[in-house]
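As they're listed, the protein sequences go chains Y and S. Mapping to our numbering: the first sequence position 232 is 801, numbers consecutive. Mapping to our numbering: the second sequence position 96 is 107, numbers consecutive.
If you're looking for bench data, these hints aren't it; they were derived computationally from the structure. Just so it is clear, the structure is predicted and the values come from calculations on it, not from any experiment. Some clues are possibly wrong.
Pairwise CB distance ranges, derived in the manner of DEER restraints [as the list claims (entries may be wrong)]:
1) ASP799(Y) with GLU114(S): 48 to 56 angstroms
2) SER286(S) with ILE655(Y): 49 to 57 angstroms
3) ASP284(S) with GLY824(Y): 29 to 37 angstroms
4) ARG47(S) with LYS600(Y): 26 to 34 angstroms
5) LYS598(Y) with SER210(S): 20 to 28 angstroms
6) LEU130(S) with LYS730(Y): 31 to 39 angstroms
7) LYS775(Y) with PHE158(S): 21 to 29 angstroms
8) THR90(S) with LYS767(Y): 40 to 48 angstroms
9) TYR281(S) with LYS767(Y): 22 to 30 angstroms
10) PRO575(Y) with LEU257(S): 34 to 42 angstroms
Glycine is no exception: its CB is placed at the ideal position from the N, C-alpha and C atoms.
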Amino acid sequence: MAYSVPRKFPTTIVGSYPKMPQALEAIKKRKSGEISEEEFKEIVKPAIREVVEDYLWAGVDIISDGEQAREDMVVYFAERMRGYSIGDWVRVFDNEYFRKPIVIGRVEWISPMTLDHWLYTTSISQDRPVKGILTGPYTMMEWSFDLYYRDRRELIIDLAKVIRREVEELIKAGAQYIQVDEPALSTRPWREDAELLKEALDIIFKGLEAKRIIHICFGRLERIIPYILDYPVDQFDLEMKNSNFRLLPYLKEYGFNKELAFGVVDVHSFQVESIREIEEAIDTVMRADIVNPEKAYVKPDCGLKRLPRDIARAKLKNMVEAARRAREKY
Amino acid sequence: MRVWGSVLGGYARSRFVRRVLRDFERGLVAFGDLERSIVEASSVIIGAQVSAGLAYVVDGLLDWHDIFRSFVSSWRNVTPTGLLRYFDNNFFYRIPLFTGEPEATRLVWPPRVKLYSRLSEPSGFKVVIPGPFTFTSMSINASKASFGELASSIARLLESEVRAAVESGASMIQIDEPILSDPDIKKDDAIMAVELINSIIRDIKGVKTILSVYFDVPSSSVYEVLLNSRVDCLSLDIIDAPKRALDLILGRGFGGHCGVLGLINARTIYDDDISRLEDIFGSIIKGYSGEEIGLTTSTWLDLIPYDYSLRKTKLLGLLVERIARSFNLEHVWRVS
Numbered sequence: 570m571a572y573s574v575p576r577k578f579p580t581t582i583v584g585s586y587p588k589m590p591q592a593l594e595a596i597k598k599r600k601s602g603e604i605s606e607e608e609f610k611e612i613v614k615p616a617i618r619e620v621v622e623d624y625l626w627a628g629v630d631i632i633s634d635g636e637q638a639r640e641d642m643v644v645y646f647a648e649r650m651r652g653y654s655i656g657d658w659v660r661v662f663d664n665e666y667f668r669k670p671i672v673i674g675r676v677e678w679i680s681p682m683t684l685d686h687w688l689y690t691t692s693i694s695q696d697r698p699v700k701g702i703l704t705g706p707y708t709m710m711e712w713s714f715d716l717y718y719r720d721r722r723e724l725i726i727d728l729a730k731v732i733r734r735e736v737e738e739l740i741k742a743g744a745q746y747i748q749v750d751e752p753a754l755s756t757r758p759w760r761e762d763a764e765l766l767k768e769a770l771d772i773i774f775k776g777l778e779a780k781r782i783i784h785i786c787f788g789r790l791e792r793i794i795p796y797i798l799d800y801p802v803d804q805f806d807l808e809m810k811n812s813n814f815r816l817l818p819y820l821k822e823y824g825f826n827k828e829l830a831f832g833v834v835d836v837h838s839f840q841v842e843s844i845r846e847i848e849e850a851i852d853t854v855m856r857a858d859i860v861n862p863e864k865a866y867v868k869p870d871c872g873l874k875r876l877p878r879d880i881a882r883a884k885l886k887n888m889v890e891a892a893r894r895a896r897e898k899y
Numbered sequence: 012m013r014v015w016g017s018v019l020g021g022y023a024r025s026r027f028v029r030r031v032l033r034d035f036e037r038g039l040v041a042f043g044d045l046e047r048s049i050v051e052a053s054s055v056i057i058g059a060q061v062s063a064g065l066a067y068v069v070d071g072l073l074d075w076h077d078i079f080r081s082f083v084s085s086w087r088n089v090t091p092t093g094l095l096r097y098f099d100n101n102f103f104y105r106i107p108l109f110t111g112e113p114e115a116t117r118l119v120w121p122p123r124v125k126l127y128s129r130l131s132e133p134s135g136f137k138v139v140i141p142g143p144f145t146f147t148s149m150s151i152n153a154s155k156a157s158f159g160e161l162a163s164s165i166a167r168l169l170e171s172e173v174r175a176a177v178e179s180g181a182s183m184i185q186i187d188e189p190i191l192s193d194p195d196i197k198k199d200d201a202i203m204a205v206e207l208i209n210s211i212i213r214d215i216k217g218v219k220t221i222l223s224v225y226f227d228v229p230s231s232s233v234y235e236v237l238l239n240s241r242v243d244c245l246s247l248d249i250i251d252a253p254k255r256a257l258d259l260i261l262g263r264g265f266g267g268h269c270g271v272l273g274l275i276n277a278r279t280i281y282d283d284d285i286s287r288l289e290d291i292f293g294s295i296i297k298g299y300s301g302e303e304i305g306l307t308t309s310t311w312l313d314l315i316p317y318d319y320s321l322r323k324t325k326l327l328g329l330l331v332e333r334i335a336r337s338f339n340l341e342h343v344w345r346v347s
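Generate the whole structure from the sequences, applying the supplied hints.
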C-alpha cells in the first residue's frame, strides 16, 4: 500500500545528509580512478541505505538519497555534463576544499546524473516519496568559473536545458517531487539576477506533472521577494530558523500564495532543538497567516551534511514529533 | 602623482600547504614543522609580490582559516562555532561566539611582522585586520555587552595589535570592513564603524593606514560617512560593480584620502582586460587630486585556486606598470 503523506504539515528534508564512511571512501576511490562510475554508483548504495534508515527511524515523510554520492553540489553535476572541466582546489571552509569547476565549452546533458540513486532510494523508501534534487542553473553558474560563454544569460539558459533533460528522466521514472536548489540566489539578491533565474526555471519546469520546488537559503532573500514569487513553482523551500523567521512579514506583505516548506531546525547549530522549540517555530509560521496547514511543509533550514550524524538524526526525530503535534493542534 | 600596487589580503593555499595543514590536523606533523612549512610557502608568495613590483606585500595569511579566526583563537571569551556563508561566496567562515568581554592571550601580528617584513624588502609589509564593525556584526554576541560595547572591546584589542605591529616594522595597516558594502548598512552603522576605526589608528604614525570595503560598493550615504575616517587611504572594490563604483567616486571623490582601486578581479580566473582597466582608471584619475593612488585586487586572493592567485599578482604588477606609463605617473615599487 502506498505511503500516505500527511495532509497537514508533511515533514521533509532539503537533501544532503552527513556523509557515511562508505560514501566518503567511494568518492575518494572514484576521484583517484580506482573505480569506474558504475562501480561508484554501487558502492555508494549502502551509504544511501543507512541514510534512508535514519529518515525512516525519524519518521520523515518525503525523503532523499542524502546526496551521498555528491562530493559537492556543483562539482557532482559538472563532472557529469559536457562542457565542464574540473578545476583546481578552492577553499570552502577551514582546510576543506572543492574543485571549482570551469566551463570550457557548451554545456550539454550526456546521460542521467541522479536517476540511479533516486531509483535505488525509492526501492528502499517503504513507499515514501523521494525527492529528485538537482542543483539549479543559477548556482551552477555562480559557483563555477566561466571561460567559454562570458555571457551569464547564455550560460544559465544552457544549464537550464541540461537540468530540464535530467528532470524529464526523473519524471519518466515516476518522481513526484522535483526540487531545484538555488542557494547562490540569496547571496546576490538583485532583481536582474532573480529575473534571469525565472527565465531558466521556465525552461526547467514548463509543463511538468510533479510538485515543483525551489530551495533557497540564507543570504538576503527579502530583497528580491517581489521578483521571485511568480516563479513557476508549486513550493518555496526556505531557510527560516537560522534567520529567526525574518522572511515571514515579507511573504505576507507580497501576498505569498504557494506552498511553503519552512526550516524549523538550524543546520549550523550542533544544539538539538527541543520538540517544544520546534512546535513554537511552527506556531510562529502559522501566526503569520501566510499558509494553511495543508500548504505548510516542515523541514530543516538546509541540507544536514555539516552535522554529525547523531545530531542530524536527533533533529529530524524532534522535527517529526513536533509536526505530529502540530497536526493535532491545527 | 605616484602609483603603487598591493594585493588586498590573503592568498589561496598551495597543495603543499593544504597537505601540511591536513597532516597537522591528523597529528602527523608537529607544530614546529607546520610553522616552518607555512613560512616557506609564505616566502614564495611574498617573493611573487615583490618581483611583480608591488610596493606593499602581504604574507598570504596562509594559516588563517578565515579573516576572524586567528584573533578568535588568540582571545579569551570568544570561540569559533558553526559555519556561515561569507558574503556572496561559496566560502564559509566560523561564526565567532562571544560569551564575555574578549581579552587577548597573545598578539597575532607582531611575530609575523618581525619575520616577514625582512623578507619583503624592498617592498613594505602590510598588516590586515578585520574591522571591528564587521567583526561584531558577523559574530554571535552571547555576552552581556551591547553591540556597541562589544565592538569597542574588539576595537581596543585590534588597536593593541596594530600598535605592536607598527613597532615591529609594519609599513601599512589595512582595516577590512566588507560589511559596509551591504545595502542594509545604515548611516548610523557607518558612523559607528568609522568611530571604531578612528580609535584603532588614533596613535598610529609613520605608516599608511587603509580602510578597505569590498564585495560590493557602499551606498552613497555610507560612503559619505567613510570620507570622514582618519585613515590615509580608502580602498574600494571597483570591478564588482564598475558603474556604481564610478558613479560614487566621480560624484564624491575620495575626500582628500588616497584612493585605492580594486581593479584586478580576484574572484575570476580569466586574465583581466588591462586596456579596459586602464579606461576605468582614466575616468577616475581625471577628477583625482591626490598625490598618490593605489591599485589592488577586488578582494583577497583566497577565493580562486593557488596558481591563479599568483597569476593575478603578476597581472596587478603589469597593470601598475602600464598605468604608470600611460598616465605618466611615478611607479612606486619599493618602500624600504
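Checked hints:
no.: 1; hint: ASP799(Y) with GLU114(S): 48 to 56 angstroms; verdict: 52 angstroms, holds
no.: 2; hint: SER286(S) with ILE655(Y): 49 to 57 angstroms; verdict: 31 angstroms, violated
no.: 3; hint: ASP284(S) with GLY824(Y): 29 to 37 angstroms; verdict: 44 angstroms, violated
no.: 4; hint: ARG47(S) with LYS600(Y): 26 to 34 angstroms; verdict: 29 angstroms, holds
no.: 5; hint: LYS598(Y) with SER210(S): 20 to 28 angstroms; verdict: 55 angstroms, violated
no.: 6; hint: LEU130(S) with LYS730(Y): 31 to 39 angstroms; verdict: 51 angstroms, violated
no.: 7; hint: LYS775(Y) with PHE158(S): 21 to 29 angstroms; verdict: 47 angstroms, violated
no.: 8; hint: THR90(S) with LYS767(Y): 40 to 48 angstroms; verdict: 42 angstroms, holds
no.: 9; hint: TYR281(S) with LYS767(Y): 22 to 30 angstroms; verdict: 27 angstroms, holds
no.: 10; hint: PRO575(Y) with LEU257(S): 34 to 42 angstroms; verdict: 55 angstroms, violated
Of the hints listed earlier, those the structure fails to meet are numbers 2, 3, 5, 6, 7, 10, in rising order.
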